[in-house]
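All chains, full assembly: derive it from the sequences and hints.
Just so you know, the sequences run in chain order C and E.
Each residue of the first sequence is one higher than the one before, counting from 17 in our numbering.
Each residue of the second sequence is one higher than the one before, counting from -1 in our numbering.
Certain hints may be false.
As the list claims (entries may be wrong) - Selected chain E positions facing chain C (Cβ under 10 Å, derived; list incomplete): (1) R16; (2) P24; (3) V25; (4) P85; (5) G126; (6) D146; (7) P279; (8) V285; (9) M286.
Treat the hints as calculated values from the structure; they're not laboratory data.
Bear in mind that the values here come from a model prediction, so they are computed numbers and not experimental data.
All C-beta atoms in this analysis are idealised placements derived from N, C-alpha and C, irrespective of residue type, glycine included.
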Amino acid sequence: MTVISKKDVEHVALLARLALTDEEKETFTGQLAQILEHAGKIQALDTTAVPPTSHVASLTNVLRPDEIRPCLTSEEALSNAPKQEDGGFAVPKIV
Amino acid sequence: MAYEIVIGLEIHVELNTRSKMFCGCPVTFGEVPNTAVCPVCLGHPGVLPVVNAQAVEAAALIGLSLNCAIAPNNEFARKNYFYPDMPKDYQISQFDLPIAIGGYLDVGDRGQTRRIGITRVHMEEDTGKLIHKGATGRIHGADRSVVDFNRAGVPLMEIVSEPDMRTATEARAFLVKLRSILLALGVSNCNMEEGSLRCDANVSLREFGDTELGVKTEVKNMNSFKALQRALEYEVERQTSLLTHGERVIQETRHWDDAGGATTSMRSKEEAHDYRYFPDPDLVAIVMDPAEVERLRAGLPELPDARAERLGREFGLSDDDAKILALNKPLGDFLEETVAGGAAAGKAANWLLHELAAELNRTDTEIEDAAFTPRHLIDLLQLIDAGTISGKMAKEIFKTSFATGRLPAAIVKETGNVQITDTDALGKIVDEVLAANPQAIEDLKNGQERAIGFLVGQIMRLTQGKASPDAVNKLIRAKLR
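Here is the structure:
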């Protein structure tokens, strides 16, 4: 049985940049525990004869030829940018 | 105390495909910011990436040339992190199922060859470019940054070596060899200054005989072969000093400052890297057909080791010369073109590796951009062979030809600066000099061979260097017989 702590939830929330209230942390700790419990059940099954599945679509090799297609103009590209400068997306200081 | 140096390299190389890894935007450099972008590489909602077939082929070629096994099944994964250079907040990369694994590269360091393991080659997409706005232009101290996504999504191959290198020189030799292979494959421009070839290094020390690795640092921002070597030498010295003073090496990323000649710690807010890789649901697996892999293997171009062997065998070059020419593709191509034009390989190689290399170096010119071409060298060598100019005169004419792009024969014709080989014309001068230097003649008759050099020198001086030293030598000996 997997046990998930409030600390784990805080760590995952930090990685996902989610600001959770204390109440939410409690809720999600419980919900995540339930999800992991369910995954635990699946893990108990014998899957030695089942090939690993990363995709449900039974497709492979969806490729395109190396050809150039039209791009956006810089005005179009920047049209949703909250801030722009010198033809680029201006972002707040990083560190 | 002496420590064993352990170095592993991680190389990123941008492919020179026409379009990006997952969309049809062109691969460009130095273009107006955000003009080679589309909803896919800008990470807009609802778009679907589609893999560039040419990039997969290039990745397989790189794997094969590095003696790797090509994975029959490889997949893309999302590497999740928040950083403004990635519009999607994840980078599409390969994780547990890369395209190529388990190869090697033989590297010669001071005459002996060592086999350096290649852990893996995988495909990913490059990130956007950040321009930091502030006093220093570096990320620390900047109050904001500006993002150009032209580079985001450019096909990027990551090549990871085993920690098998034992000196900074060896690491440099590895990178030189790897670059020469990539250039032979023609898959990348491999320009370190422009960043199409980038190298990070993991460096650690341990006591000789230890099997466990010591604590490593990751060194970044080395933009030339020389920078790689200097950064590694600095880092080895820094770690040695820490350990000998009883201190510990801290595992961290360090930034090489080429101007300052030192590495500094790059502390970021998020120290713990937890990328939460998972298979990208937008991209299905790539299944490599074994027959296709064999077709690619059979079609591999001649790689540097094979070329060095062939240049040595066909042209009778020394191992060292053949190796230099094979590692530097444009130089090797120059030689082959010169020889194909009728020049003697040994003489041509000599000019290439000495005079031409020195001039390229002095003027900071790439051989492809030089006005002096194989045709110029063929012309120059013909003038020497015909006795029209001496070796010494050839060096002067070469410099003019290199600087102006004019053919050596044209320069000779214009200046009239030809070697005097005419025995009658030279004979008079030789007589004059002999008459004026009885002591030298006496010395020569007494077996002092040095005296003939003096006499030849006098004649060269009188003819402003135009006399053929060979002809003068013969004349003096004939007259004194």
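Structure-based check of each hint:
Hint on E/R16 holds. Least Cβ distance to chain C is approximately 5 Å, under the 10 Å limit. A hinted interface residue such as E/P24 counts as satisfied when its beta carbon comes closer than 10 Å to some beta carbon of chain C; here the least separation is about 5 Å, so the hint holds. For the restraint placing E/V25 at the interface with chain C, the shortest Cβ-Cβ distance is roughly 9 Å, inside the 10 Å limit, so the hint holds. Here the hint on E/P85 is kept, as its CB sits about 8 Å from the closest CB of chain C, short of 10 Å.
The criterion of a C-beta within 10 Å of any C-beta in chain C is met by E/G126, whose closest approach is roughly 8 Å, and the hint holds. About 5 Å separates the beta-carbon of E/D146 from the nearest beta-carbon of chain C, less than 10 Å, and the hint is met. A cut of 10 Å between beta carbons decides the hint on E/P279: the least distance to chain C is about 7 Å, and the hint holds. For E/V285, the interface hint holds, since its Cβ comes within 10 Å of a Cβ in chain C; the closest pair sits about 4 Å apart.
The interface hint given for E/M286 holds, since its Cβ lies 9 Å from the closest Cβ of chain C, which is under the 10 Å cut-off.
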